[in-house]
Amino acid sequence: MKHIFYIHHFLNRKYVLIVLSAVILFVSCKKNFTELNPLDSLSEGTAFSDPSKIELVANGMYQQAAVGVYDAGTGAGAGRGYPFGAASIEQAEMRGEDMVNLQTFYAITYEATYNSASANNANHWEQLYSLINQANVLIEGASNAGKSGILPADVADQYEGEGRFIRALSHHELLIHFCKPYADNKGSGMGVPYREKAVNSPAAVEEGAAMGRGTVAEAYTKILADLDWAEQKLPVNNSKGAARVRKGAAIALKTRIKLHMQDWAGVITEGAKLGTDATSGTFSSPISGFILEADPEAPFKNYSSSKESIFSIANSASSNGGVNGALPAMLSAASTAASPNAGRGLVAISPNFYNASFWVTGDKRRNLLVQQATDPKLWFTNKYWDYVNRANWAPIIRYAEVLLNVAEAKARVGGTANLASAFQLLNAVRNRSVPAADKYTTEPSDLVLAILNERRIEFCAEGRRWPDIHRLVLDPVYKTNGIPAKILSAQLKADGSDYNLVTRPMLTPSKAAIPYTDYRFLWPISSREVSANPVLRDQQNPGY
Amino acid sequence: MRKIALLLAMFMAVSIILFAQSGVIKGKIVDEQGNPIPYASITIANTTTGVSSDENGEFSISAKINQMLVFSATGFQNKEVSASQNMRVTLARGSGVVEDEVVVVGYGSGRRLSSIVGTVDRISATKFKERPAASMVDGLQGQFPGLQVFTSSGEPSETSSFRLHGVGSLGASSTPLIILDGIQVGNGSLVSLSPQDIESYTLLKDASSTSIYGARAANGVLVITSKKGRFEMAPTITFGVQYGVSNPIGVKEKIYDKMMNAEELLDWQVKTGNKTQAQADAIRTTYKNANTNWYDVYYRKDAPYKQANLALSGGGKGSNYYISGTYYKEDGSAWRSWYDRFTFRSNINTIITKWLKFGATLSGGVDKRSTNPYGSNNTNRGLSPLRQPYFSPVDSTGKRYDFIPGVGAYHPQYLAEKVLSSGFNYQFNPNAYIEITPIKGLTLRTQGGYDAYIYRSSGVTLPSYLGSLKNGNASESFDQGVQRTFTHTAEYGFNLKDDHDFSLLAGYEWIDYKNNNFSASSAGQTDDRVILLGAGPNNRSVGQGKTEYAYESFFGRATYSFVKKYYFDASVRQDASSRFGANNKKAVFWSAGLMWAAKKEAFLQDVSWLDDLNIRFSYGTSGNSSIGDYQSQALVGLNAYNGGTGWVLSSAGNPNLSWEEQAKSLLNIQASVFRKVRMDLSIYNRDTKNQLVSVPQPYTVGFSAITQNVGSLNNKGIDVRFDVDVIKNKIAFFSPYITVAYNKNKITELFQGRDYWIIPNTGVAWVVGKPITFIYPLWKGVNSETGAPEWYLPETGEGFEVKTQKDPSKVTSTFSAAGLQQNTGIQRYAPWSGGFGWQSGWKGFYFNVDFSFVQGKYMINNDNYFFLNPNQFAGFNTKKEVTDYWQKPGDITKYPAWKYQFMQFDDRLIEDASFLRLKTLMFGYNLPSKLLNQTGFIKGASIYVTGRNLFTSTKYTGPDPEVDSNLGLGTNPNTKNYGFGINIQF
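So the sequence lines, in the order shown, correspond to chains Z and P.
Each residue of the first sequence is one higher than the one before, starting from 2 at the first, in the numbering used here.
Each residue of the second sequence is one higher than the one before, starting from 11 at the first, in the numbering used here.
Hints should not be assumed to be uniformly reliable.
To be verified - Cut-off 25 Å, straight-line C-alpha distance, at most; resulting in silico cross-link-like pairs (PhoX-like, lysine-lysine): (1) P/LYS378 with P/LYS74; (2) Z/LYS494 with P/LYS285; (3) P/LYS137 with P/LYS909; (4) Z/LYS378 with P/LYS137; (5) P/LYS556 with Z/LYS54; (6) P/LYS524 with P/LYS507; (7) P/LYS311 with P/LYS409; (8) Z/LYS512 with P/LYS298; (9) P/LYS311 with P/LYS327.
What the hints assert, rightly or not - Chain P residues, not near chain Z, derived (Cβ > 12 Å throughout): (10) TYR331; (11) VAL492; (12) LEU645; (13) VAL658; (14) ASN771; (15) ILE920.
FYI, nobody ran anything at the bench for these hints, they're computed from the structure.
Just so we're clear, the structure is a prediction, and the values are computed from it rather than from any experiment.
Glycine is no exception: its CB is placed at the ideal position from the N, C-alpha and C atoms.
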């Protein structure tokens, strides 16, 4: 008996059953044991399978526009309102002179000490392209869903139109920061890659990486093509108001784009679709019923429902740029008489702008300013007032801008009828705010200048200053020449006495202006982009 | 009739079993002085059956009288003795390495080390059990040749990092797989286990021993075995206490004492125009000529630690047990830093019948921990040397300021009282097995175990904190991770014609892991008595995360040996994992190995100086899968927009994502000569390909990176360990050892056809044909005519960053971090590492010393950017050496003229962080048994003093060179610990 068969011994025992069943129990496991799907997100394939999900993808695109993912250089972090939830407004103000940077947070942007690795400009580039890809995902997905019958054609077109609008808006934001203006030799400067293909696999990445910058003019052509398409296909109304793109938004954005292209006639034509040719002196849009609110504070008090808002990026208590991004945190005073804990006191209104002669004393828009309650007692914007929830929406385009865009175009074209209309458009915006005594009785001698000054007041802290500096940099008459000279925070008195509407003192900015010819007028393409993209490495903006 | 025959046969079988079930042999193992040898290994010769001795050297083993038993123990030579009742076996002192013990390597039953084809190193934990550190891994530094171990901070709860044979991957983790009693555990779990409960550490180094672990084994495997009880052993109680203190290494002498004192700084500030003489005088008056060394404020002196352990072990005829509890408490050197741990363990084994064995382990730990948060560039500790010495942390009555005037910051103790954060970790590592032996030689085994934790953390900023008065905040988080491992193996061993031994193993294993976490926070609490989440009306937020992974594997191994001289081993494993793409879910790994027990050859039998010679060679593959979950999938993330849910494409996905593959060949030679010297030498070549790298993508495509299988990497090297018995006699012994390892790292291929890739913002680059390398601007010096700083201009054109040009005629005084970076030629990872020391004794005294060293380690000393930059950080304190700056033409100085920034991020900051460290020192006395016998109940007692990190030699000017990072910034340095303790056995 060479082998000893223990098994005979234990066959009699009931242990056998217990043990064997235990063994079998352990052995058996789920059939597709290693095919796991994430528990807090979904795989992409499920996103375009039915109409309700496509709506979610559209929401996702807007959320990417509202919050983004901020990368401090060491890996992705929490969202900071890139690109349109807050950052586009904050950065455009910090590149201009009407607001003063007080802390290090925006010092690099404000004082133009950026390089290709600086977080503010690098994230802007990166998050805009991330948003563009989300828009492309929506455009392709909706288009395919329309073709395959998952969506009715008009619904598919609506989503595609929203995607195209966001794509156009994003590329334009890139153009005003990273490229020379259209005014420089009709857009012959280097543009930005205009991306129209969704990337969702390594294969698609390789296909897309080969694209070069093209010219500014080519990018403008594509922006207009997208907006024309969107205007054609988007519905006039939706159930979400200004938080989602409508037909009117595409037209309104075209007035801005064409203003940047000095296509005055084009601006006038687009504006007419939104009621700017009215001769009665009051204006409202036949499309979606946009109006000017009687009270200039109303678009901000009622940021989610005002009929003056054509398109805004919706923030909410649960979804915003957070303490390091959201407008109420970043642009507001640290404390006000009403709120001891308000924003962060990072960015004040420039006293030179506050004291500017063209901003009259009783202007109701001064009600949208507030003085910081603690030292330094500087003045801040109060347009974004929800310090606790940080839910204020980010205004992208308001009816007031359409009126002033068209006013400028008409004033520049000239001729009696145009000038009269331009004057009416200016007054429509201005007269709701200024005291009766300050209302113009006759056309100001320099109507275009009056309109340009009006834009600074009306859109204070709305991020319109840099785009205007950019497009006007080579203007024959109103040229801005480059990055303006700026007041540094060390120049400001803590008691707030620099702000004085009686004596209206003017400080001499200690940060010198930077001419258009200086390389710093353009932002550098992010270092992470150029190191990964040989095509753009060869097309980096000069000087970086 | 047939039934009767069957019954008869069964009866006979049972009888034979009963006969074969020979008696239990009991005995005691002692050293030449008669002291018991605990944890010695006793095996029946030529079998895998074995036990180990208890704390008193006593053992019991089921064996036949006169059967040959093999005795082996750490520090002693092996001995073969035939079994008899009440044996007393005396072992002669030998090396510190266990020569031949039964270890479980890669599934199945234990095998004797001398019969394992794979290259494995084993170290008994006895030597570390009294080390004053919470982490069991910390002590392994310098012990295993080829294994680098680093503890990067002095936080008592710090987890050590370790890697075997170089960095195995550019993208995925290089941490070895850790197996505790057969179950995979995470590196983070080790700090929640007691080093007192560990019996041994076994490091599996080559393909032959690791391939059977498949997709997780590319970085080697560390097998940790916990203590077990023994059969037929009288209950033994072991009790130990230790008390000591710790102080941070280096930070005072190397930083605070190198900063200016009050007078020096004021004079300097006046001289450089930062202050007028009147301002300086005013400071002297206002702060009463204070001269504060801020070290005394930011670090605690003699932070105490204490430990107590109690273990009960023993066994009856059919069962044995080991039950222990350990308490460990250590205060960190920084404020608000402490660790308070209780662990318990219960290991029970039962032989139910001859053919059925069962064992269960319950192991757990409960700890509370807090870590100082003011590291990196934070003046509340990391950069606190910048504080001006002319300010004072106390008022004229000696009372501590909460807010330090002049400095304009809160006192660190005040911060520790007002800004709180602590974690509660519940660690649970149970496992159980059933083993059936249905026929001789066949073992069926099922084992299941958990590596589970719940980590709860709570943070609060009290409303009374002056920095945010009446506006407190609170956060709570919950994090739970449960990994389950179930393994089923069948192993069959048999012998043919005496000369041919075969062993076959087949197995099936599945592992799954689930993590679940959530957190909530709120702000606006107004009163210290009401600080719960609900009391904060503002900034409320919640978060939740869940993630999972799973592995399913089949494996097999065949071993064959001929006349116990020639051994052959082959293994294969197929793994499937949830982490990989739909197109590449499964992979197969294999290995083959040979061992030649050369001493057994006739022609070496007569070579008297050669005691033993074994040569091993193996080749095989293994994988690395330590990346995040779901990286192969294009994912849609959920978020909210305007009150509705939104879906965003959050990752591009990669359906082809697969395993990182590694092929390793290793030649190992073990020899012992002259009965004094033992050598263990390994030479290896390690090729990694299809590495898991988060490959950077142009942002214009919408994603910053996609995880892909790209590139290849090579590590080759040599490691060796020598043990020498210099003195070995009845009253004294002295056994020194040394381990040395060299590893050469080379990138052989990158991705996207690139020759190099600069990892953004790290100062580190991957260059094909080179090891992982630092790139930084190269400092030339100060121009003695102009006082301007000068850097070498790099070459121009593509790839200038990874070339080196040091042409004295091509320099610039305009700094650019990106534009001036060049290849420094300095490796990121240290090529040399090792350790040396000795074990020695005289009569009852013992004195053990362990040094460890790392050579060729470099680190960017980021702190010096602040400490050596007086004009950039004007008004702060600065190191005294900045007074060596240029003032007039002809001056030859270290620092430039005042108008230039003194320090930039250039290669002056890259410092040699090689170090030699006295890792462990132990001096003790075993009370003589004659004395103890008089008590009648104390079986053994020892008293000892011990120290950790008592001495460090390094050129690094930061506090601690042991930090395992490219950057040293705000380091909370490792601590120097001194302690004393007592161990008693009843």
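Check: Given the hint that P/LYS311 pairs with P/LYS327, does the C-alpha gap stay at or below 25 Å?
Finding: 52 Å, violated
Check: Do the alpha carbons of P/LYS311 and P/LYS409 lie within 25 Å of each other, as the hint requires?
Finding: Roughly 19 Å separates the two Cα atoms, so the pair holds.
Note to self: So P/LEU645 supposedly isn't at the interface. Is its beta-carbon more than 12 Å from every beta-carbon in chain Z?
What the structure shows: 5 Å, violated
Check: Does the alpha-carbon distance linking P/LYS524 and P/LYS507 stay inside the 25 Å limit?
Finding: 50 Å, violated
Next item on the list: Just double-check P/TYR331 for me: nearest Cβ-Cβ distance to chain Z has to come out over 12 Å.
Entry: 22 Å, holds
Margin query: Check the hint pairing Z/LYS512 with P/LYS298 against an upper bound of 25 Å on the C-alpha distance.
Written below: 40 Å, violated
Next item on the list: Just double-check P/ASN771 for me: nearest Cβ-Cβ distance to chain Z has to come out over 12 Å.
Entry: 5 Å, violated
Checklist line | Beyond 12 Å from each Cβ of chain Z, as asserted for P/VAL492 | finding: Per Cβ check, P/VAL492 is outside 12 Å of chain Z; nearest 14 Å; holds.
Check: Given the hint that Z/LYS378 pairs with P/LYS137, does the C-alpha gap stay at or below 25 Å?
Finding: 67 Å, violated
Next item on the list: Decide if the proposed pair is consistent with the structure: Z/LYS494 and P/LYS285, CA atoms, cutoff 25 Å inclusive.
Entry: 22 Å, holds
Check: P/LYS556 and Z/LYS54: Cα distance at most 25 Å?
Finding: 22 Å, holds
Item checked: Restraint status (C-alpha distance of P/LYS378 to P/LYS74 at most 25 Å) -> Not OK: P/LYS378 and P/LYS74 at ~51 Å, beyond 25 Å, violated.
Hints 1, 3, 4, 6, 8, 9, 12, 13 and 14 from the list above are not met by this structure, while the remaining hints are.
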